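Participant: Please construct the entire structure, taking both the sequences and the accompanying hints into account.
Protein chains: 4
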Amino acid sequence: MSDIVRAAVMVRPGKIEIQEFPFPELEDGALLLKVEMCGVCGTDKHTWRGETKQYAGTDAESDTPFPIIPGHEVIGIVAEINDRRKPRLDFNGERLRVGDRIALCPDVICGECYNCRHTFAYPRCEHLRGYGNAFTSAEPPHLFGGWAEYMVILPNAFVYKVPEGLPLRVAVMVELMAVSYNLDKMKEFFTLSGEGFGTADTVVIQGAGPMGICHVIKARMMGAGDIIVTDLSDYRLALARKFGADYALNVNDSTEQERIDFVRSLTHGRGADIVVECVGIAEVVLEGIEMLRKGGIYIEAGNFVETGEVALSPHRHLCAKNIRLIGMTNHPFTGYTPSMKMMQKTADIFPFAEFVTHEYPLAQTEAALLKSMEPDCMKVVIVP
Amino acid sequence: MSDIVRAAVMVRPGKIEIQEFPFPELEDGALLLKVEMCGVCGTDKHTWRGETKQYAGTDAESDTPFPIIPGHEVIGIVAEINDRRKPRLDFNGERLRVGDRIALCPDVICGECYNCRHTFAYPRCEHLRGYGNAFTSAEPPHLFGGWAEYMVILPNAFVYKVPEGLPLRVAVMVELMAVSYNLDKMKEFFTLSGEGFGTADTVVIQGAGPMGICHVIKARMMGAGDIIVTDLSDYRLALARKFGADYALNVNDSTEQERIDFVRSLTHGRGADIVVECVGIAEVVLEGIEMLRKGGIYIEAGNFVETGEVALSPHRHLCAKNIRLIGMTNHPFTGYTPSMKMMQKTADIFPFAEFVTHEYPLAQTEAALLKSMEPDCMKVVIVP
Amino acid sequence: MSDIVRAAVMVRPGKIEIQEFPFPELEDGALLLKVEMCGVCGTDKHTWRGETKQYAGTDAESDTPFPIIPGHEVIGIVAEINDRRKPRLDFNGERLRVGDRIALCPDVICGECYNCRHTFAYPRCEHLRGYGNAFTSAEPPHLFGGWAEYMVILPNAFVYKVPEGLPLRVAVMVELMAVSYNLDKMKEFFTLSGEGFGTADTVVIQGAGPMGICHVIKARMMGAGDIIVTDLSDYRLALARKFGADYALNVNDSTEQERIDFVRSLTHGRGADIVVECVGIAEVVLEGIEMLRKGGIYIEAGNFVETGEVALSPHRHLCAKNIRLIGMTNHPFTGYTPSMKMMQKTADIFPFAEFVTHEYPLAQTEAALLKSMEPDCMKVVIVP
Amino acid sequence: MSDIVRAAVMVRPGKIEIQEFPFPELEDGALLLKVEMCGVCGTDKHTWRGETKQYAGTDAESDTPFPIIPGHEVIGIVAEINDRRKPRLDFNGERLRVGDRIALCPDVICGECYNCRHTFAYPRCEHLRGYGNAFTSAEPPHLFGGWAEYMVILPNAFVYKVPEGLPLRVAVMVELMAVSYNLDKMKEFFTLSGEGFGTADTVVIQGAGPMGICHVIKARMMGAGDIIVTDLSDYRLALARKFGADYALNVNDSTEQERIDFVRSLTHGRGADIVVECVGIAEVVLEGIEMLRKGGIYIEAGNFVETGEVALSPHRHLCAKNIRLIGMTNHPFTGYTPSMKMMQKTADIFPFAEFVTHEYPLAQTEAALLKSMEPDCMKVVIVP
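Protein chains in written order, with numbering that gives the first Met the number 0: chain V, 0 to 383; chain S, 0 to 383; chain D, 0 to 383; chain G, 0 to 383.
Quick caveat, the hints were computed from the structure, so don't treat them as lab data.
Please note that the accuracy of each hint is not assured.
When chains are identical, the list treats them as one kind, so a pair holds in a single copy or across two.
With a straight-line cut-off of 20 Å between C-alpha atoms, the simulated EDC-like cross-links for lysine to aspartate or glutamate are [claimed, not checked]:
1) Lys85 <-> Asp27
2) Lys340 <-> Glu50
3) Lys52 <-> Glu289
4) Lys160 <-> Asp225
5) Lys52 <-> Asp82
6) Lys160 <-> Glu111
7) Lys85 <-> Glu125
8) Lys85 <-> Glu26
9) Lys241 <-> Asp347
10) Lys340 <-> Asp245
11) Lys370 <-> Asp233
12) Lys340 <-> Asp225
13) Lys44 <-> Asp62
14) Lys52 <-> Asp62
15) Lys44 <-> Glu373
16) Lys370 <-> Glu16
17) Lys44 <-> Asp245
18) Lys344 <-> Glu16
19) Lys340 <-> Glu373
Source: prediction; values computed, not measured.
Facilitator: So this is what it looks like as structure tokens:
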């Protein structure tokens, strides 16, 4: 190892620089991770655009503490462990060793607040800190983002061993696949009386970006029937089809009413069982609700920064329609390891190798970020 | 029995007359019910005001076929049965006999459509017809509403024997108590990870009318912790307190923010676990959502006619808050008998006798209806 | 059509004859079905062996009313409908016409008893009558079993249109695929706190007969991780592997402890998440429970006739292990149509064409039955 | 404070001595608790009798490390806190201060093993250590049981503030009330199709000891219909009636068949919805299963030491009956605070003051233990 670490630093919205940092000292229980690959996420794009009030209304709300090292969809190799006091375990209770390939859960929780004690499945910690977002690089040990050669993994951060044989470009999908536990969660609402996510159900995914694609994959893995995807990019829609969508509707080629009618015509006039919002634009919510059957589920997952308001009729959209409108941010901690297992298990069904469409070296991080905002890409990654 | 039957007929919105009808012939499996008591319901008030597009967006949507005999919260005595072909059973499979006291489920389903087959717990029938609402009195056998001396109960209508010893004025609450299965339904969402309706949870009921009171009772029966009720009538709030509400907030004496702050102060700043909308005004939805904790449940139950739109932020109100917003109309068929059993069982805890505050004879039906729209009453009933 | 109908009649246990019956008259709402294919089921084998007390402890318990026409896994073409009074609908509310290919749900319910009203998803009717089992052929219209050229479908029997393009030999699996809703049902127990059937869970299927194979398929469709199957037939285990099982253990080549150890070694010593009993031998229950993780689910589905007792320790097997031991018979009515849709949708993943291994004409029904009891077959069918 | 601490030490099964220990030093995050009251639990009786293999089959299985200080149903006052490094929080995230009255969750988990990460609601830790049971008093700081003047509360042990105004003798019930979350858990199985614990359901509690009584209370709090309790002590059955049981059956005055028939006669021949085993004798399981309706739930909670085996028919008792047989040990961590809130809230409904029937000073601990094994007591407590 050299004695400096290079990282891409967002010094303010719209401005990225490559900076050098000293090699960090590790506190008790901390890890040093040699980053192999790190995705560019929608959150990163929002931060770049200055939309830094994210997850407003949550206790984690705060302005971003620039300068930061972005990047939280991280796969890397354990380069160093401070386990002098006691063994450092991964999330599943297995001891970590130098050389292990691991995935990171970017959300670091306190483990002691009311929410950590009572809603432990999800990162609803009152003192939540997200890698690549909530830590400034201005203070030591600086390295809290994945767009860097090395990262410091805190003692209470959750990491997961990557199974042998799972390709790096597939493993890097794991955080987004864990987000798709939005759909697993719907099992909690399942009954044989026509509630929740049932086998052969009709699922609409609004948006064919990386998050949308992961929901397509998960819906297919879990036994969905017809899957319909909407987006404005033919490039993305074509990939959605490859990943299991039965129907891909380009919103530039159709009216809202035509799309609603299409879903209804597929379902004997009744509407979809589940619609998942993976676009991040407020207005699509109303279209999605109209696509739903009576008693259907709408998962609001994509509007994770403020995008405006929609005019909802409590009578017509909610009460009379018996809708279940579920706001979801984030992923359960328990979703990482099963997601990696399933990606390995279904490697002959899904073309996982096509998910990462663009790789950039650390020096071209800004180009990577700009690329990720264009319609002709799926996942863009940094390879430090 | 005489050979004519008197009934209150709403000939058009705002106009009620007492009319006489011939004694009906009963088809195979039908019952003749001698009405003992019939409530005046919110639906009846909407019809009176000409708000006749109810449950819009549902397949049962239609204008009301005036003239109609209103009234669907009915308790009566079986006066005649056409069971020549086979025994007529109540919903629980018990044979009905002349002289039985029964409660009526006003929603008559076809039993054969897709929704009847797939979401059988609730009356989501594609050909749903509601007593007191969907049948014209212009055609024989005319008597399809409870504001009458007698009613015709169709062969496929569900009725329930009233247990011995349950007073008439308590039994008449049963339809509304079945509506409060909105809360039972939330058990389906329960997990020990902080979802659904848990023991000691904080529950807000918006609105202290009859539907609100029944939700107070049910929340208390099911093990709620603090129950907060809001309304604009001190008369109704006082009754809500008697029926188990811990806190009663008059919206005329407080600002929206004060009420939200009150709920937060009760819950260590976190917000209520469950809020139930029993007001029927669109705007209250936003106040209710603000009262909720992260991950809480909002039950939209009261806006069963169109009342306008609210401006909802998909980001702030839904996604970031991890809310479960559940639209509910109606009641499960299986909710009637347990509700009557529980009202009998908890007769020493709840002052059920105070629920019906005003009784009117058939001749004064219009006065009853007008009374029910004032703030100084709870349940108003017709006693034919 | 000729004016006689030939059918295989089991006149008593161990004795089958081909008999001729008159063409039936159809009552209001009844169908005449031209049988295309009908499976030989485990139930039929039990009846043949004289194990005619089936589903003991249920209200449907009774001795078989010999002579009977067996056969209840039926696919056929609607040959005639008595819909003079009103349209005859399939289970999904769609009108049936002569020439439609349909699948039959063999369980005919009364629709009016307590169980029909309260546990409607499953055939728990107090007056349940099963096609191929509960009707004698001694009385007109005689034709209540699938091992016949034609069957009479009662007005209240549930049938399902077979989708265009689903091969006959695949469609005939539908009743068993509906039985595999045992696994869908486990979603009702799902929570993110480690309960129920989660994505990537380890599933053991005890028994690789037709019912076991259908559970393998369904587990795979629903996102299982490792699937382990046990059986005594290498022939059946090989098929189980083709249908998605990851591991196939022949009980003749291994000890009970070795199999338990194998499951534990796959799961870091913890045990399987779900074990499904599809063998029909009492003793396997203890082996299955030992294979389970703490908090796991054991589905007892295969012992549908009396097979003896097992010595269970309430402390060790149940309480200390936090097991969920779920007794399941039968299938939900709502499971047929989604099963057919999924078989069509996953035709490139599962080798459905290999499920039916032996076809026999009606005249060789006894040979078919004997064949089905040997280890070197999967589904044996009659093609009248 | 004096400089010695007296405690009751079980030096071996059947032998208790009062010993003196030095005042302890507190490690970072530890508390010193001045014990106000500590219950005598069934577990303590088993240990006294030498039945020290408890929760066999669990990873916590081990022989008891005599000498031990028993006692784990503890209420006390915080006497000292080592919070020099950081604030010590209670389970709900509230800072603890000297003088706070707290309840203890006796199960101390590691928080890092697979089970802690994946089934966090319940104490299924692979390294679980129970206060009053798993710690020897032979090593410093010695004081890990509640039958003592003071206890050491470990940094990672969960404690809960006792609400103002909740009497000590009521607060001491909290651990057992948390065990009654066995019933809350059944909400996870609830559907409107007749599964799980529904309003007005018939509940049988086998055993009227302290654990049985707490289940009676909880069933009543949660909206049970008829509650039937069985026991051999008229003393206990009389208390069960006071706490809300509708029917109390003395097993010495009735045959097993009579009790089964009684439950069936109450339920139109169908059987109870839920039966909870709180006796701790293997044989009662079969009686309980016979009392259940088809599709009912049996909760095996009382056999927490090995008590022998029962002969179960997989066909008749499980498969044909569609039973849900749920093994449960222990309580969720999240059950303590709501239990205390509900005991306060329902103080006018339940005679909580009668739950503790016998108090003993520390010097008479052995007498307390012997008393607790007799039929004419409910909860026996030590008041140091």
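Participant: Evaluate each hint against the coordinates.
Facilitator: Consistency of the hints with the structure:
1. Lys85 <-> Asp27: both (8 Å within a copy, 16 Å between copies)
2. Lys340 <-> Glu50: For Lys340 and Glu50, the Cα distance exceeds 20 Å both inside one copy (35 Å) and across copies (42 Å).
3. Lys52 <-> Glu289: Intra 29 Å, inter 19 Å, cutoff 20 Å: inter-copy only.
4. Lys160 <-> Asp225: between (34 Å within a copy, 18 Å between copies)
5. Lys52 <-> Asp82: Intra 36 Å, inter 35 Å, cutoff 20 Å: neither.
6. Lys160 <-> Glu111: Answer is between: at 15 Å across copies they meet the 20 Å cutoff, but 25 Å inside does not.
7. Lys85 <-> Glu125: between (27 Å within a copy, 17 Å between copies)
8. Lys85 <-> Glu26: both (12 Å within a copy, 17 Å between copies)
9. Lys241 <-> Asp347: Intra 12 Å, inter 14 Å, cutoff 20 Å: intra and inter.
10. Lys340 <-> Asp245: between (24 Å within a copy, 13 Å between copies)
11. Lys370 <-> Asp233: For Lys370 and Asp233, the Cα distance is within 20 Å only inside one copy (16 Å; across copies 54 Å).
12. Lys340 <-> Asp225: between (24 Å within a copy, 9 Å between copies)
13. Lys44 <-> Asp62: For Lys44 and Asp62, only the intra-copy Cα distance (15 Å) is at most 20 Å; the inter-copy one is 50 Å.
14. Lys52 <-> Asp62: within (6 Å within a copy, 47 Å between copies)
15. Lys44 <-> Glu373: within (11 Å within a copy, 55 Å between copies)
16. Lys370 <-> Glu16: within (17 Å within a copy, 73 Å between copies)
17. Lys44 <-> Asp245: Neither way: Lys44 and Asp245 sit 29 Å apart in one copy and 41 Å across, limit 20 Å.
18. Lys344 <-> Glu16: Result: close neither inside a copy nor across copies, 40 Å intra and 49 Å inter.
19. Lys340 <-> Glu373: For Lys340 and Glu373, the Cα distance exceeds 20 Å both inside one copy (31 Å) and across copies (37 Å).
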